[in-house]
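My request is simple: use the sequences and hints to build the entire structure.
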Amino acid sequence: MLKNARQYLKVIKKVCVNEISAECKVILFGSVARGNYRLDSDIDVLVIVLNIKDEWDRSKISVKLHKAINAWDPFEIHIVTPEEYKIWYSKFIDVWEEIT
1 MLKNARQYLK VIKKVCVNEI SAECKVILFG SVARGNYRLD SDIDVLVIVL NIKDEWDRSK
61 ISVKLHKAIN AWDPFEIHIV TPEEYKIWYS KFIDVWEEIT
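1 is the number of the first residue of the sequence shown in the UniProt record's numbering; add one for each residue after it.
Derived by calculation from the structure, the hints in this document are not laboratory data.
Hints should not be assumed to be uniformly reliable.
[Stated by the list, open to error] If you anchor each label on the Cβ, the simulated ranges turn out as follows:
{"id": "1", "residue 1": "Ala-22", "residue 2": "Glu-83", "range": "27 to 33 angstroms"}
{"id": "2", "residue 1": "Asp-54", "residue 2": "Glu-76", "range": "16 to 22 angstroms"}
{"id": "3", "residue 1": "Pro-82", "residue 2": "Lys-14", "range": "28 to 34 angstroms"}
[Claimed, not checked] Derived pair list, reagent style DSS-like, types lysine-lysine, alpha-carbon separation capped at 27 angstroms:
{"id": "4", "residue 1": "Lys-25", "residue 2": "Lys-60"}
{"id": "5", "residue 1": "Lys-53", "residue 2": "Lys-25"}
{"id": "6", "residue 1": "Lys-64", "residue 2": "Lys-86"}
{"id": "7", "residue 1": "Lys-67", "residue 2": "Lys-25"}
For every residue, glycine included, the Cβ atom is placed at its ideal position computed from N, Cα and C.
Structure follows, in structure tokens:
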């Protein structure tokens, strides 16, 4: 699953754009993006969405995306707003790849 992570991420991107927000961004980061993952690594995915109202919204989006790829492990999907990305995630993500 780690080797073909990008195929799963393309599905996440398609579902996000078509069913959640046309402006949705999907970003791969962490060890898979850096290329130094191990067999026990997770796949870190950042999904940036404009209109998250509350934690319930965030949870619904997460479930929808996990169902679309029919997998929970090893995906670690972080659903954030652009502001949350700027304030927190942009400070520690060293290598990333936007999924198009």
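Consistency of the hints with the structure:
1. Ala-22 / Glu-83: 27 to 33 angstroms: Hint violated: Cβ distance 19 angstroms, outside 27 to 33 angstroms.
2. Asp-54 / Glu-76: 16 to 22 angstroms: Holds, at about 21 angstroms.
3. Pro-82 / Lys-14: 28 to 34 angstroms: violated, 21 angstroms
4. Lys-25 / Lys-60: holds, 17 angstroms
5. Lys-53 / Lys-25: With a Cα-Cα distance of about 17 angstroms, the restraint between Lys-53 and Lys-25 holds, given a limit of 27 angstroms.
6. Lys-64 / Lys-86: holds, 24 angstroms
7. Lys-67 / Lys-25: holds, 18 angstroms
Going through the hint list in order, the structure does not satisfy hints 1, 3.
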